[in-house]
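Chemist: Residues per chain are reported as follows:
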Amino acid sequence: MAILTVENITKDYGKIKALKGVSFSVPQGCVFGILGPNGSGKTTLLGIVMNVLKATSGSYQLFDEPANYDHRKKIGTLLETPNFYHYLSAVQNLKITAAIKGLGEDDIEQVLQTVDLLKRKDSPFSTYSLGMKQRLAIGAALLGDPDVLVFDEPTNGLDPVGIAEIRNLIKDLSAKGKTIIMASHLLDEVEKVCTHVAILKQGDLLASGKVKEVFQESDIVQLAAGDNTSLKNILAKMNNYVRIDELNGVIELSYNAGTANLSAINKFCFDNGIVLSHLQLKKSNFESKFLELTN
Amino acid sequence: MGNLLRIEWLKIKNYTAFKVIAIFFIIGIVLINLGTHFIYGKVSANTPAGDLIGAAFNPYSFTSTWQTTSYMSGFLLILPAMLILMLVTNEYTFRTNRQNVIDGWSRGEFISVKLMMAFLFALVSTIVVFVTALSFAAFTNTSFSFNSISHVGYFFLKAITYNMFAVLISVLVKKTGFAIGLFFIYLVGENFISNILDFWSIKLRDDKTMDPGSLGSYLPMNAADGLLTFPDNPLKSFAKGISPTDYKYVVLSFAIFYIVLFIIWSRRKYIKADL
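In order, the protein sequences belong to chains D and E. Start counting the first sequence at 16; every next residue gets the next number (my numbering). Start counting the second sequence at 4; every next residue gets the next number (my numbering).
Hint data in this document are derived by calculation from the structure and do not stem from the laboratory. Do not rely on the hints blindly, as some may be mistaken.
Unchecked claim - Below, a list of computed lysine-lysine pairs in the PhoX-like style, where the Cα atoms sit at most 25 Å apart: (1) Lys69/D x Lys22/E; (2) Lys30/D x Lys272/E; (3) Lys110/D x Lys16/E; (4) Lys275/E x Lys30/D; (5) Lys136/D x Lys16/E; (6) Lys16/E x Lys134/D; (7) Lys216/D x Lys89/D; (8) Lys225/D x Lys191/D; (9) Lys297/D x Lys227/D; (10) Lys211/E x Lys35/D; (11) Lys30/D x Lys177/E; (12) Lys275/E x Lys69/D; (13) Lys69/D x Lys16/E; (14) Lys193/D x Lys110/D; (15) Lys88/D x Lys22/E; (16) Lys32/D x Lys275/E; (17) Lys116/D x Lys45/E; (18) Lys88/D x Lys272/E; (19) Lys272/E x Lys136/D; (20) Lys32/D x Lys272/E; (21) Lys177/E x Lys251/E; (22) Lys69/D x Lys272/E; (23) Lys275/E x Lys116/D; (24) Lys110/D x Lys22/E; (25) Lys177/E x Lys89/D; (26) Lys69/D x Lys191/D; (27) Lys191/D x Lys216/D.
On a predicted model such as this, the values are computed, not experimentally measured, just so you know.
Please model the entire structure based on the sequences and the hints provided.
Modeler: Structural data, given as structure tokens:
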């Protein structure tokens, strides 16, 4: 079963196109990361799925059905910012959340314990620090132990200990079989936590699928010669690489991981009358892959 | 709806401004009527106008009490409207209007419970006026009567108009200060235009071209207001000669039309817009 399917969603704000035909599917039980720089449309997309924004076109489904408000009751969501009544305490706020979701008030204490807010449970929300507000929002999402959780930038405003706690919490939830949809601009967060990923850039979906597939490792061979133009012409005859790019006077050949053979390349060039001035093997990592995808 | 209102109550009951405004409103109603009673006593006892009015007229005796209390208390309907402006725009400020929908309310449920709250505030305000009118009249040694109780109904209409208008302005403007500002500017502006229209209405009638009634009373906030008047008395009859003709049922229809308009407009806006 797909927890969430978005089909060709677009969203225009006047002339600005925040989303340009985004489609992907979130399978049950995965930790799905929506990755992209600030302003790439992550929150807009989740806002549409949560019915607080209206898509310009396209459709989406929750639990393989046309989305309705009862679906949202079964999903714990933190969207963009912690949204609470400033003059009410944590407990009073969570009572409202529980009532809207049609839940009892039994697990409020338990949830506050999980996000470490028990000691401040009766203080007004307005007196909380940024990190405490964020933790309360995560707590609210956990009410009723939902099977699906949506976290938009969950570690926003947290200190390093808090960040580690939340990442562990997400891993624990995932281990219990929960489906988690998480938007983040932090590559390393997605790398550490997610099983699936969709990459957004300025409203375009660049890639989506399993993290291992999207961020498949590759070998990158950098080479340069006195005359890069003829080097490129020669390399064009060689066809065992995936892609060729030129960056700052250096030519980069991409190979599937473990398939680049430097001595063969060197020999090929030499046999074709080119002497290389630079030849180097680089392993692409997650980050360079992300930059490669988003640049 | 019961469950939705219960949740709304969770939001309101610990809100300080709610308690403060509720207390001000109730005290205000008692004070404005006590003041009227006092001034009226002074006027009728000590001035030439008093001779005109005559000793027989007491604005707080049965049946005048319903009309006088409704009319005087109507000026305080600004207070519940302000509370509604604050409560609805707060949701935008805290972004809880989004969170409520995210957590599983439909947009229709969110706006419906706000409109229902506006209705209940109007109902409670009306009950306060009813009790006040009854209590004031109890001291006058006149015999109980429900005659003219329709004025309490007009007060209710005015309360609903103000409160629904407050919901609409909040949904359109979203920012607390801006919404409250716009609400008052609109009231003052409409009154100004209404006065010009009334003046024009009298001129039209005097020129014998046509008699459209009090045109100013056909405007949104003046329609319900126009139904609320101070009780007739000899002094007022004196002034009545120059007032526009009073087409009560036309004004009443306009008042109801505007209330329906405010409700439909607020709902459509909330259901269709980005939150």
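Chemist: Please go over all the hints and tell whether each is borne out by the structure.
Modeler: Going through the hints against the structure:
1. Restraint check: the Cα-Cα separation between Lys69/D and Lys22/E comes to about 36 Å, which exceeds 25 Å; the hinted pair is violated.
2. For the suggested pair Lys30/D and Lys272/E, the alpha carbons sit about 22 Å apart, so the restraint of at most 25 Å is met.
3. The straight-line distance between the Cα atoms of Lys110/D and Lys16/E is roughly 13 Å, inside the 25 Å bound, and the hint therefore holds.
4. In summary, the hint linking Lys275/E to Lys30/D is supported, as the alpha carbons are separated by about 20 Å, within the 25 Å threshold.
5. Restraint check for Lys136/D and Lys16/E: the C-alpha separation of about 18 Å stays at or below 25 Å, so the hint holds.
6. Simply put, Lys16/E and Lys134/D have alpha-carbon atoms about 23 Å apart, close enough for the 25 Å limit, and the pair holds.
7. Of the supplied pair hints, the one linking Lys216/D and Lys89/D is violated, its CA atoms being roughly 29 Å apart against a limit of 25 Å.
8. Proximity of Lys225/D to Lys191/D is assessed by CA-CA distance (about 20 Å); at most 25 Å being required, the pair is judged to hold.
9. Note on Lys297/D and Lys227/D: the hinted pairing holds, with a Cα-Cα distance of about 19 Å set against a maximum of 25 Å.
10. For the proposed pair Lys211/E and Lys35/D, the alpha carbon gap of about 65 Å is over 25 Å, so the pair is violated.
11. Restraint check for Lys30/D and Lys177/E: satisfied, since their Cα atoms lie roughly 23 Å apart, inside the 25 Å limit.
12. This hinted pair checks out: Lys275/E and Lys69/D have alpha carbons roughly 8 Å apart, not beyond 25 Å.
13. The straight-line distance between the Cα atoms of Lys69/D and Lys16/E is roughly 32 Å, outside the 25 Å bound, and the hint therefore fails.
14. Distance restraint check for Lys193/D and Lys110/D: the Cα-Cα separation of roughly 23 Å lies within the 25 Å cut-off, and the hinted pair is therefore satisfied.
15. Our distance criterion of 25 Å between C-alpha atoms is broken by Lys88/D and Lys22/E, whose separation comes to about 32 Å.
16. Between Lys32/D and Lys275/E the alpha-carbon distance is near 19 Å, which keeps this suggested pair within the 25 Å criterion.
17. Distance restraint check for Lys116/D and Lys45/E: the Cα-Cα separation of roughly 60 Å exceeds the 25 Å cut-off, and the hinted pair is therefore not satisfied.
18. The suggested pairing of Lys88/D with Lys272/E holds, with an alpha-carbon distance near 23 Å, which does not exceed 25 Å.
19. Annotation: proposed proximity of Lys272/E to Lys136/D is violated, straight-line Cα distance about 36 Å (limit 25 Å).
20. Proposed proximity of Lys32/D and Lys272/E is supported: the alpha carbons are some 23 Å apart, at most 25 Å.
21. Of the pairs offered as hints, the one joining Lys177/E and Lys251/E is violated, with about 35 Å between alpha carbons and a cut-off of 25 Å exceeded.
22. A threshold of 25 Å between alpha carbons decides the hint, and for Lys69/D with Lys272/E the separation of about 12 Å falls inside it, so the pair holds.
23. Of the supplied pair hints, the one linking Lys275/E and Lys116/D holds, its CA atoms being roughly 23 Å apart against a limit of 25 Å.
24. Between Lys110/D and Lys22/E the alpha-carbon distance is near 21 Å, which keeps this suggested pair within the 25 Å criterion.
25. Under the criterion of a C-alpha separation no larger than 25 Å, the hint pairing Lys177/E with Lys89/D is inconsistent with the structure, at around 29 Å.
26. Of the pairs offered as hints, the one joining Lys69/D and Lys191/D is violated, with about 33 Å between alpha carbons and a cut-off of 25 Å exceeded.
27. The hinted pair formed by Lys191/D and Lys216/D fails the criterion: a straight-line CA distance of about 32 Å is larger than 25 Å.
The structure fails to meet hints 1, 7, 10, 13, 15, 17, 19, 21, 25, 26, 27 from the earlier list, while all remaining hints are met.
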